[in-house]
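Asks: First to last, the sequence lines map onto chains P and A.
In terms of full-length UniProt numbering, the first sequence opens at residue 1 and continues consecutively.
In terms of full-length UniProt numbering, the second sequence opens at residue 1 and continues consecutively.
Errors might be hidden in some of the hints.
Stated by the list, open to error - Where chain A lies over chain P, by a calculated footprint (3+ residues, C-beta under 8 Å): (1) 99-107; (2) 115-122; (3) 170-177; (4) 435-447.
Claimed, not checked - Stretches of chain A that chain P covers, calculated by requiring three or more beta carbons in the stretch to come under 8 Å of a beta carbon on chain P: (5) 66-79; (6) 218-224; (7) 228-238; (8) 279-285.
What the hints assert, rightly or not - A few chain A residues that don't get close to chain P, going by computed Cβ distances all over 12 Å: (9) Phe14; (10) Ala205; (11) Thr257.
Since the hints were derived computationally from the structure, they do not count as laboratory data.
Where a beta carbon is used, it is the ideal one built from N, C-alpha and C, also for glycine.
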Amino acid sequence: MSETPPLLTVRDLRVSYRTRRSTVDAVRGASLTVPAGETVALVGESGSGKSTVGLAVLGLLPEGAEPVTGSIALGGRELVGLPDRELRGVRGREIGFVPQDPKASLNPVQRVGAQVAEGLRIHRLVDSRAEAARRAEELLADAGLPEPARVAQRFPHELSGGMCQRVLIAIALAGQPRLLVADEPTSALDVTVQRRILDHLAEVTRDAGTGLLLITHDLAVAAERAERIAVMSAGRVVEEGPSARVIGAPAHAYTRELVAAAPSMAAPAAPAAAVRAEGPETLLAVEDLRKVFQVRLPNGGRERVAAVDGVSFTLERGGSLGIVGESGSGKSTTAQLLLRLDRPDSGRVVLDGVDLATVRPARLRRLRRDIQPVFQDAYGSLDPTFTVEEAIAEPLAAFGVGGRAERVAELLDLVRLPSTTRGRRPTELSGGQRQRVCIARALALTPRLLVLDEPVSALDVSVQAGILALLARLREELGLSYVFISHDLAVVRQVCDRVVVMRRGKVVESGPVAEVFAEPRHPYTRELLAAIPGGLRAPAPAVTAGTANAAIPQEKRLT
Amino acid sequence: MTRYVLVRLVNGLFVLWAALTVSFLVLHLVPGDPVSVMLRGGGGEGAAIDGSLADELRADLGLDRPVHEQYLDFVWQVARLDFGTSFSTGDEVGAVLARALPSTLELAGASLLLALVLGVAAAVAATLLPNAPLRSAVLSATVVGNALPSFWTGIILLQVFSFGLGWFPAYGDGEFDQLVLPAFALALPGVGLLAQVLGRSLRTALAEPYVRTARAKGASRLRAVTVHALRNAAIPAMTLFGLMIGGIVAGAIVTETVFARQGIGRLTADAIGAHDFPVIRALVFLAGALYVLVNLAVDLIYPKVDPRIVLRSA
Chain P
1 MSETPPLLTV
11 RDLRVSYRTR
21 RSTVDAVRGA
31 SLTVPAGETV
41 ALVGESGSGK
51 STVGLAVLGL
61 LPEGAEPVTG
71 SIALGGRELV
81 GLPDRELRGV
91 RGREIGFVPQ
101 DPKASLNPVQ
111 RVGAQVAEGL
121 RIHRLVDSRA
131 EAARRAEELL
141 ADAGLPEPAR
151 VAQRFPHELS
161 GGMCQRVLIA
171 IALAGQPRLL
181 VADEPTSALD
191 VTVQRRILDH
201 LAEVTRDAGT
211 GLLLITHDLA
221 VAAERAERIA
231 VMSAGRVVEE
241 GPSARVIGAP
251 AHAYTRELVA
261 AAPSMAAPAA
271 PAAAVRAEGP
281 ETLLAVEDLR
291 KVFQVRLPNG
301 GRERVAAVDG
311 VSFTLERGGS
321 LGIVGESGSG
331 KSTTAQLLLR
341 LDRPDSGRVV
351 LDGVDLATVR
361 PARLRRLRRD
371 IQPVFQDAYG
381 SLDPTFTVEE
391 AIAEPLAAFG
401 VGGRAERVAE
411 LLDLVRLPST
421 TRGRRPTELS
431 GGQRQRVCIA
441 RALALTPRLL
451 VLDEPVSALD
461 VSVQAGILAL
471 LARLREELGL
481 SYVFISHDLA
491 VVRQVCDRVV
501 VMRRGKVVES
511 GPVAEVFAEP
521 RHPYTRELLA
531 AIPGGLRAPA
541 PAVTAGTANA
551 AIPQEKRLT
Chain A
1 MTRYVLVRLV
11 NGLFVLWAAL
21 TVSFLVLHLV
31 PGDPVSVMLR
41 GGGGEGAAID
51 GSLADELRAD
61 LGLDRPVHEQ
71 YLDFVWQVAR
81 LDFGTSFSTG
91 DEVGAVLARA
101 LPSTLELAGA
111 SLLLALVLGV
121 AAAVAATLLP
131 NAPLRSAVLS
141 ATVVGNALPS
151 FWTGIILLQV
161 FSFGLGWFPA
171 YGDGEFDQLV
181 LPAFALALPG
191 VGLLAQVLGR
201 SLRTALAEPY
211 VRTARAKGAS
221 RLRAVTVHAL
231 RNAAIPAMTL
241 FGLMIGGIVA
251 GAIVTETVFA
261 RQGIGRLTAD
271 AIGAHDFPVI
281 RALVFLAGAL
291 YVLVNLAVDL
301 IYPKVDPRIV
311 LRSA
């Protein structure tokens, strides 16, 4: 044990926000330590206060936060209570920050190079504008961006999300800080990009001996990347310790809950569809679907991009088909075409013998009863002025179905929402409850097929588990069929029996879930599987100290 | 780009045509005609109007012909930019306008500059001031400023600074000190409006994650506002400022009347009172053209401010 204090010590941190009506205690006693050069993951669900801890460390709590109590010491220097003037010297110079949403975290009207150079100029690490520009290009190159001189001249909207996150890493590292605070640095990114960014962060922090406070909701990411894990729940750090111990032998009940809820790669595949009395009968057949968009190029030209390019698959009655792929793979466009919210350029979408692509409008309207959507953004897909009852009854009213009050009660019961939610509006519900309302609305007209586009990606893992269980039960009880679109392979594995892997508008691989996941044939599928953060692949509910250690080599096997 | 400008200019011609047509219709629908105004104007209330003289005058001015002929004639004249002579003075309309224009340009320029500087300052103050009551005080002041009618503020300014304190002259144009009060009176509603719109978008911008990124680099609050938030928040304020330039003639009517300045606004008021068709027509043309050109200019500046905006001729 050396005499030097650890890089970052947070002791009994308390943060409250004062709102008009009440005071919210966001952080109620959080303590953690980040040793120099190590990675510590701060794990928790949304609302647990983990991001507030990150902001408190940076001294960037939003207005309305009451004076912080407790202690935040950086290398022995107390930061709590420092005036902003002095904190400005710490931010960017001693503590770097990698934010959550890369595209929104860069100034849209400023060139990327200037944004990297800004920190250098603020802290007078360069003598001239030209030197700042040159150094910014070096930083962009260090962040793994090709052609840094050209990237520096770009605006953020001209870069991909992954590139933006690399720019933000360059910004965070510009002042060669001792500590990096990364708040969900990859949750907005595709899984393969996520891995590359996390690899890069690990590399730069290791090389420079930088400490990393990695704030994440994803236990798997934490287990894979951090030496230590601190688990936060309701404003408190309930458990802190070496990663293997926290995952393998969680001491706190909440940690055990989190570990159990994390969608595990080793979880048993969905139970074979119960309703198959009539034998494997095709419900939906998609044949050679194509959709081309015209894209305007920055130079004024136009380019035709095939978002969906010759996609075919079939779905049995009672079956559940997963469509996986990264953003830009065309999976959401496929959903739009299945729902006939957009018209395909060619190809057929045959539901029970009727081609949705060419059916007449009046007939299509009647067919809409059979095929209903559930979207990712439950909040955005509910009218804020409608009560829960009005939202669920709307499709019934649209088709003139009577007895709506009883049907709403029945549907609320079906999705396990208390009848007291009837009169509430979307803002008064939790994320999981909103998605349940959306599912109830989709079920109102007793459809045969649900098209679910990333239905759980916006939800916390424990809430996610509840929705997935609900979907599995509904499928069994009502004999529904699902087209389940997701970027998350672990989730698809849980709820689907067949899977289609899409890339750049084409199907690269398809087959039964168990087969595709065990023996991926296409290199892209292998890449997707390998990119899933590992460490949690043992059967989740049965995790013990012994199996957790065995779980890590298992990831290597899958790769 | 060139195509975009051309399409917009052609659209602008339609706007001008519509404005002129509406003004033509309104002038011919309202009761009273220029000849009776002229004759009454000459001889006072009791002057007997010589019927034959009036008819002669009407024929002279072309007012005896059917309305549709007058309209076609009017369109043809405007198309050739031939605005004719003023009914009331007999001078070339071009010369009448040229006499009035400098005074108004001075007033408009000064008041727009004032509105811009004070508006931006108030918006920044309302977001940056360290204590909350002070911020809401600035905010309330902008609401009040916007709500005050400019004829009233004009009179109050005159009462206080001219008749009371004697700092500035009450009327006239040409000198700088004669410009101060009217420019303030004309600028005040604009200051309030601009500060409110810019203030609101500044607050929205300040809540964006990129501002946090800037602060995490070590930037001060002032720097975060001026370097990062302001340019992102500028678009709605630019739109508003464009509308303010376009609407300056309307504002000048009241202000120039209150401060007795011989400008375009005063000319407009007089020409409408006298049913002076040729002058009104030229003024409508001028105001319409200003509107079209300013809006086009604002639209052309958008992409320079925000690179995500692409100009597209619909």
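Asks: So, for every hint listed, does it hold in this structure?
Replies: Right, here's what the structure says about each hint:
{"no.": "1", "hint": "99-107", "in the structure": "holds (count 7)"}
{"no.": "2", "hint": "115-122", "in the structure": "holds (count 4)"}
{"no.": "3", "hint": "170-177", "in the structure": "holds (count 4)"}
{"no.": "4", "hint": "435-447", "in the structure": "violated (count 0)"}
{"no.": "5", "hint": "66-79", "in the structure": "violated (count 0)"}
{"no.": "6", "hint": "218-224", "in the structure": "holds (count 5)"}
{"no.": "7", "hint": "228-238", "in the structure": "holds (count 3)"}
{"no.": "8", "hint": "279-285", "in the structure": "violated (count 0)"}
{"no.": "9", "hint": "Phe14", "in the structure": "holds (26 Å)"}
{"no.": "10", "hint": "Ala205", "in the structure": "violated (10 Å)"}
{"no.": "11", "hint": "Thr257", "in the structure": "holds (42 Å)"}
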